[in-house]
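Once you have looked at the hints, place chain B on chain A.
If you want the building blocks of each chain, they are given just below.
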Amino acid sequence: MTSSPPDREPAAEAVLAVEGIHCTACTQLIELRVGALPGIAAIEASLATHRVRVRWDAAATTLRDIVGAIARAGYRAWPVTAGGSGAQRAEQRRARRTALWRLFVAGFSMMQVMMYAFPAYLAIEGEMSADIDALLKIASFVLTVPVLVYSAAPLYAGAWRDLRARRVGMDVPVVLGITVTFVASAWSTFIVPGPVYYDSVSMFVFLLLGARYLESLARARASGAIDALLEAQPATALRFDTWSPTATSAASSTQAPREVAADSLRTGDHVLVQIGASIPADGVVVQGMSLNDEALLTGESHPVACGVGDTVTGGAINLTAPLVVRVTAVGPDSRASAIVRMMERAANRKPALLQLADRHAGTFLWAIMALALAAGLAWWQIEPARALWVAVAVLIVTCPCALSLAAPAAQAAAIGNLARHGVLVTQGHALETLARVNHFVFDKTGTLTTGRMQVIDTIVLGELEAGDLMRLAGRLEAQAVHPVAQALAMAAAPLLVADKQQADANTPLLADSIETPGAGIEARVNGRRVRIGSPAFTGALHGQPFPAHAATRLGAHTLVALADEAGWLGAFALGDGIRPGARAMVAALRDAGCRVTMLSGDHLDAASRVAAAVGIDDVQAAMMPEKKTESVAALQRSGSVIAMVGDGVNDAPVLARAHVSIAMGSGAPLAQTRSDMVLMSARPADLSHAVAVARRTQAVVRQNIVWAAAYNLVAIPLAAAGVLTPWMAGLGMAMSSLIVVGNSMRLWQGAPHTAVAPTFSTAPHAQDLKAA
Amino acid sequence: MEILYLLVPLSVLLVLAVGVLFWWSLGSGQFDDLDGPAQRILDDDD
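As you go down the protein sequences, you meet chains A and B in turn.
According to the working numbering, the residues represented by the first sequence are 1 to 772, in order.
According to the working numbering, the residues represented by the second sequence are 1001 to 1046, in order.
Pulled out of the complex, with its shape left as it was, chain A reads as follows (with noise of 0.2 Å):
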């Protein structure tokens, strides 16, 4: 019931955030709750998360029901929204709160009981009165009822929970060891004196309490990259009420807009963005030119330029210059929510190993429990007082703990590193297949390269320098449509807004500027009479023949020349740039032991070319889409591992047939991407980084697996021999699930490496004006 062919669209799905998941017992009485309920498509509980997704058929339940069920199943469910409720962070606070106080109590209880244990463990026979030992015992029972009262009440409340379903969680074992270790020690200190173990108790709700806590902080910091999304979102927005195009600026703009709850925010709503404020909303400007930061969203943390026409996601922080912008998606048709919702789609899919254990963990525990029982009853012909003890040690000991935790703790780690460099992983198996992946195939246009117009040539031929060029050409290319024009524009954005905050005087200054169509611009700067456009259209100012040592360096591009009335200035060629960072990745996959291969619609020549510039050998070029298929098919077919590197749109057979499919976030709209991962910020680095996490992920779980089962096959006849002590059982079990959290929370650490610093995205040349 975990899955369900995922190109049926189901009527309605959510995502519950619930309290007091601990195990995969916990998971599976969830879903098995709800699962009964009528016109339950899919229920997927998880252990890593706390949080359960459910796809269900609206005519037949209602999301009321989903979480009554969950509610008399023993556990407290509420609805995740995307936007992010105040309640919900209350409640989590509150629920933080507790759980330390509780830690608190039993950790102190602990510490005090221990002292009052000392005298007993050091004196000799006879050397302590029976007065002060039968006090010593009473002060040890008065400070552990605290700790077997409140701080053991959630491992009570599970257990309960578990016997109430008539099924075996991990809590019954340990609730079992602790309360006859309690009982036994009261019984030796109120009626016939004994040995007591009241320390043994405390701290074995201690430590697992402690390592409880641990893991729900190390949990949190995992799904932290969502909630950080979440909480990017800002609460209000500067609305106007009616807007017009006319006002000059947005500053100075005579309509003041009202400000409003975001939540309120309609589809073509305009709002104003003030410097360092959040976007509101996803949309497109309208007004302005600015920097926005959208490291969040996308993991690029340098930030991206966007001007009139542009589109903005909600979330970004606009830097530099306030903005106008029309609201073009709300709430959940925005990207912010469709990032949140593919995260979480894949932090609940289970890999297929946990899915076996979880069918297995019931068996698993009772035949703990009929362990324990077998070796107190072998103990009790042997030496009957130590009986008791021995079954306690070996209830404890083997609390499958560690070995629940090794996948998914493993799994929400590397995913949450993932998110925070702008790799989404929307397909729970995609991490467990990429590892494997040994033969990348590439799309050419969109993925390779940008897929759009951008400068990628620029050369000096008057007396200006290649930063006052590109501001120059910007600033006459600012009002224009042409595609080539914004590209301009674009490319000379960062320098102009960065002379704006430096109230720099190298901004030229313009008047009388005539666009003649499919020409040019002619436009008077400073004075002097300035041509921008094709070399016949600029050259006709002054008469000189274009230059032939640029015309042949950059010849194969499109053209834009500038010119005054003294000769020529420059020229920029445009044209379809490679990712900066591309030939890196390459080289990195190859390194890694992979195959590459670009496929391209493209004809033989421009494929070659960019295949030469990356560094791909092996180019299949003019390709329908129907060959691209029958290709990577044909690959499958001799063993390869295939990985599908497109945009998203016109690849999206092919990425259906790959093993894995990684899809560029820049192309398709996101919330219809089909691909296993995406790539948010398009950056080539983020590929190979993502492969090397995929790969030290399984790396990692197939440690903490070891680590798990070795620790139990030791433990156990350890703990049935009589050599450990409840206590040192209690300490074993909770070291050995922290070494797994520990060893898992190592998959969060390590970043891409960008060998070359990835300027604005949007102008590839923009560093090296700055620095002429």
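To be clear, the hints were calculated from the coordinates, so they are not data collected in a lab.
Incorrect hints may appear among the rest.
To spell it out: a stretch of chain B is covered by chain A in this simulated footprint if at least three of its residues, at any positions, have a beta carbon under 8 Å from a beta carbon of chain A; those stretches are [said to hold, decoys possible]:
1) 1009–1021
2) 1024–1031
Computed far set for chain B versus chain A, every beta-carbon distance over 10 Å [claimed, not checked]:
3) Leu1004
4) Ala1038
5) Leu1042
Keep in mind the model is a prediction, meaning the values are calculated, not measured.
Note that the Cβ used here is the ideal one computed from N, Cα and C, for glycine as well.
Structure of chain B alone, referenced to chain A:
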């Protein structure tokens, strides 16, 4: 050693008192954000 009859119960009371103190500090939110104050000192606006 008679003093133990006083000291042991006293230590139990002391433990309870410290517990109450911690409960109060937890309730007043002192443990909600353990990283924030350390970072805030680097913030120019504060």
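Going down the list of hints, with the structure as the test:
Counting residues of the segment 1009–1021 of chain B whose beta-carbon sits less than 8 Å from any beta-carbon of chain A gives 6, enough to reach three: the coverage restraint holds. Evaluation of the coverage hint for the segment 1024–1031 of chain B: fulfilled, as 3 residues show C-beta separations to chain A shorter than 8 Å, against a requirement of three. With a least CB separation of 6 Å from chain A, Leu1004(B) falls inside the 10 Å interface cut-off, contrary to its annotation. Every Cβ of chain A is farther than 10 Å from the Cβ of Ala1038(B); the closest lies at roughly 16 Å, confirming the non-interface assignment.
Listed as outside the interface, Leu1042(B) is consistent with that label: its C-beta sits roughly 18 Å from the nearest C-beta of chain A, beyond the 10 Å cut-off.
Checked against the numbered hints above, the structure breaks only hint 3 and satisfies the rest.
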